[in-house]
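There are 2 protein chains.
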Amino acid sequence: MASFLQQNQERFLTELLDWLRIPSVSADPKFHGDVLRAAEYLKARFLEVGLENVELCPTAGNPIVYGEKIIDPALPTVLVYGHYDVQPADPYELWDSPPFEPVIKDEKIYARGACDDKGQVYMHVKALEMMNQDGGLPCNIKVMIEGEEEIGSNNLGIFVRANKEKLKADVILISDTGMLANDEPSIEVGLRGLSYHEVEVTGPNRDLHSGLYGGAVANPINVLCKMITSLHDENNHITIPEFYNNVAVLTDEERAELNRVPHSDDEFKKSIGLPDTYGEQGYTTVERIGIRPTLDVNGIWGGYTGEGAKTVIASKAYAKISMRLVPNQTSEEITQLFQQHFERIAPSGVTVKVKPHHGGEPVVTPTDSVAYKAAADAMETTFGKRPIPTRGGGSIPIVAMFKSELGLDTVLLGFGLDSDAIHSPNEHYGVFNFLKGIETIPHFYRNYAAAVKG
Amino acid sequence: MASFLQQNQERFLTELLDWLRIPSVSADPKFHGDVLRAAEYLKARFLEVGLENVELCPTAGNPIVYGEKIIDPALPTVLVYGHYDVQPADPYELWDSPPFEPVIKDEKIYARGACDDKGQVYMHVKALEMMNQDGGLPCNIKVMIEGEEEIGSNNLGIFVRANKEKLKADVILISDTGMLANDEPSIEVGLRGLSYHEVEVTGPNRDLHSGLYGGAVANPINVLCKMITSLHDENNHITIPEFYNNVAVLTDEERAELNRVPHSDDEFKKSIGLPDTYGEQGYTTVERIGIRPTLDVNGIWGGYTGEGAKTVIASKAYAKISMRLVPNQTSEEITQLFQQHFERIAPSGVTVKVKPHHGGEPVVTPTDSVAYKAAADAMETTFGKRPIPTRGGGSIPIVAMFKSELGLDTVLLGFGLDSDAIHSPNEHYGVFNFLKGIETIPHFYRNYAAAVKG
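In order, the protein sequence lines correspond to chains A and B. Take the first sequence: its position 257, counting from 1, is numbered 257 in my numbering, and each next residue is one higher. Take the second sequence: its position 282, counting from 1, is numbered 282 in my numbering, and each next residue is one higher.
In case anyone wonders, no lab produced these hints; they're calculated from the structure. Every residue gets a Cβ at the ideal spot worked out from N, C-alpha and C, and that includes glycine. Incorrect hints may have been included.
Some, not all, of what chain A presents toward chain B, calculated at C-beta under 10 Å [to be verified]:
no., residue
1, Asp28
2, Ala44
3, Gly178
4, Gly203
5, Leu224
6, Ile228
7, Thr229
8, Ser230
9, Ser271
10, Tyr278
11, Ile313
12, His357
Please work from the sequences and hints to get the whole structure.
Structural data, given as structure tokens:
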């Protein structure tokens with residue numbers, strides 16, 4: 001089948017680039033029309049590859065693109081999930097080429113969404129086309145691609161709860177994660193959850209002249225900095241009371257197993273241009289990213305930020321603060337702890353508002369399941385090397401939701417790399433990874449169908 | 001003469017409003033043409049009121065508007081200084097009316113620059129017109145209005161050094177400060193200096209996904225917050241080594257005298273909507289603003305600041321940090337101490353750049369001089385109450401420069417109020433204050449000329 005892929009790879013890339021050209025940024029209302037265009041584009045591709053009952057399912061937000069092919073109700077069914085919305089692309093000036101004018105350079109596709117997640121979703125569409133040319137599907141397939149993953153998947157849960165029969169399946173398949181390296185295939189089996197907040201600190205009732213008032217009023221920016229700083233202690237532990245109460249503690253054996261993942265701190269530092277690693281004392285880099293909860297400021301702003309100097313004491317200062325969660329923390333628990341704590345530590349003289357943005361639950365997926373083995377075997381076939389199970393730091397909140405609502409486990413068959421700069425300027429996706437994904441996915445279906453039937 | 005003022009006050013206000021309509025924002029290059037138009041407008045008004053040798057003196061930056069009237073070389077000469085440039089007006093959305101569409105509401109002129117300093121400069125122009133109608137000038141007058149005060153007066157010192165003969169005078173008169181209240185006239189006799197910096201903290205070489213990297217790299221925003229927080233101790237003392245070395249320590253008597261200024265912490269808090277005052281332990285609000293150096297963040301930014309949530313670890317974080325200085329600190333000394341300290345406290349894993357913006361020296365002007373008495377007498381005549389000498393918190397860096405370059409003391413005959421919201425949205429200037437300034441200034445010239453001659 002490699003030859004069909006080889007013969008059609010130029011067309012596959014062209015189609016993907018056309019899709020990437022549509023700026024489907026869900027976080028910014030001004031792109032709303034583009035988000036809908038991206039959904040329509042995908043729907044048309046679903047129809048081309050023979051999916052049936054294709055529709056844009058309305059939600060209170062962006063529509064979910066759905067299609068299915070039921071070849072035999074007696075066969076197992078795989079439900080594919082992904083998302084067609086993308087992260088905001090700013091700061092635009094740091095992109096070497098415009099984020100929505102995709103280019104292929106050095107065998108990489110550069111565009112916002114190239115990897116996260118349009119590129120990975122499109123592998124599934126083309127894998128279907130390829131299977132059609134090679135004996136048809138080995139099992140039933142349902143595909144559900146949403147448009148609000150980057151803003152918290154607020155309407156997906158509602159849709160899933162309302163459509164349990166329609167979405168009935170045996171396993172969930174998602175390509176929205178990465179692997180260790182192109183010659184080091186791996187499958188994520190643990191994902192951190194998320195609790196994300198915007199905080200607002202208000203001091204004086206208007207901006208003040210720092211000469212006339214400086215030194216005699218609480219400056220909201222200084223106060224916000226102090227509050228943020230107090231959220232970590234000198235060992236980089238998070239100081240929110242009860243924050244660690246439910247963190248699953250791994251045994252020494254489990255930690256040793258985890259640290260067997262190929263990882264070099266030197267290469268890690270080099271790849272991001274830092275002289276040192278950093279983080280919670282007593283844990284390795286792999287552990288800090290995989291099994292420990294963290295707290296980071298994702299954005300901060302206040303006062304005068306233009307050219308030159310303005311001697312102002314701002315009335316308000318803002319920050320976006322998120323925490324990555326691990327089993328058995330829950331987003332709801334941590335959101336509440338953060339909110340209470342942040343309001344409590346506000347010094348007299350300022351008022352604080354905490355607005356939770358969205359959350360997601362941490363998950364660990366089983367490595368002893370039929371589906372995991374089918375995926376590992378598929379990768380071994382196409383990469384020539386057995387993949388390593390890893391625990392990544394990112395969050396795919398809907399994995400926990402699929403488990404609770406549909407009772408289904410998920411396989412995270414992702415082909416991205418840490419260096420793909422997703423959520424950053426110059427996001428890209430390797431042409432190798434895109435094609436290898438299209439090649440690998442059909443093996444998964446065949447392995448899975450054979451194992452379940454057998 | 002009050003009747004001439006009464007008869008012409010509508011016209012005076014109309015002329016000022018026309019000038020305020022020109023957005024002479026010096027900090028932002030896109031207003032450069034407007035800055036020049038504001039200078040031309042002023043030059044035309046100088047000619048109308050009979051100033052001679054009127055010119056736009058070129059500098060490496062914005063021109064200085066100059067004019068003079070020498071009625072008799074044997075008489076004393078007053079050099080008037082002011083500025084026609086204004087602070088940036090953003091955030092625009094917080095203005096009740098657009099900053100460059102001046103309106104008069106509740107007897108106040110609302111516009112950027114209404115008080116600081118176009119409104120106060122224009123009082124001097126109209127005071128000249130009034131004296132022309134009332135027996136002419138009692139002494140020689142030179143007027144020098146610059147266009148770069150809000151960005152540090154970088155070219156004024158060069159101009160002054162190159163034109164010492166042209167600027168020869170006996171005293172400097174400036175209206176760019178405030179008084180305690182409309183029924184509590186006062187004259188500023190102490191001004192704090194300024195050291196202003198932009199700092200940049202760089203962590204990883206690109207923005208990173210907080211899920212994949214969070215907890216394992218130094219987050220530049222968190223680091224910047226921690227560095228800023230460390231600049232004050234628990235008593236709100238500034239922690240920069242040697243920072244207080246040269247601070248003039250007042251005697252108990254001097255402090256008691258200073259605290260006799262009418263001030264109510266309750267009214268102060270109420271006026272800015274704060275439940276508490278705040279500041280360096282061991283000092284009153286009046287002392288914190290008047291005689292103690294301070295450090296404030298004037299702006300901060302980094303990471304994602306748009307709508308919604310983006311789970312990013314920013315590569316860079318920025319802040320604008322300024323210190324207000326008191327005698328006998330110097331801007332050069334403190335700029336160097338800050339720079340060294342801020343670079344030294346950067347933790348391993350980030351790099352720090354400190355870019356000084358501009359500075360200014362603290363000054364105390366004498367209260368026993370002929371010029372101060374002439375000003376105090378003038379205010380007593382028009383306000384019916386002897387003004388109180390105060391030590392304000394703002395900075396007029398050029399006062400120290402005039403002393404060192406021209407050997408001249410300055411009288412700060414300002415008519416603004418703390419509540420005028422200069423440097424803030426809804427800057428305004430009382431119609432009362434504008435007219436009272438025009439009425440008071442001629443008395444100063446007459447008192448001063450009489451005292452020097454006598």
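Each hint tested on the structure:
no.: 1; hint: Asp28; in the structure: holds (6 Å)
no.: 2; hint: Ala44; in the structure: violated (28 Å)
no.: 3; hint: Gly178; in the structure: holds (8 Å)
no.: 4; hint: Gly203; in the structure: holds (7 Å)
no.: 5; hint: Leu224; in the structure: holds (8 Å)
no.: 6; hint: Ile228; in the structure: holds (4 Å)
no.: 7; hint: Thr229; in the structure: holds (4 Å)
no.: 8; hint: Ser230; in the structure: holds (8 Å)
no.: 9; hint: Ser271; in the structure: holds (9 Å)
no.: 10; hint: Tyr278; in the structure: holds (4 Å)
no.: 11; hint: Ile313; in the structure: holds (6 Å)
no.: 12; hint: His357; in the structure: holds (4 Å)
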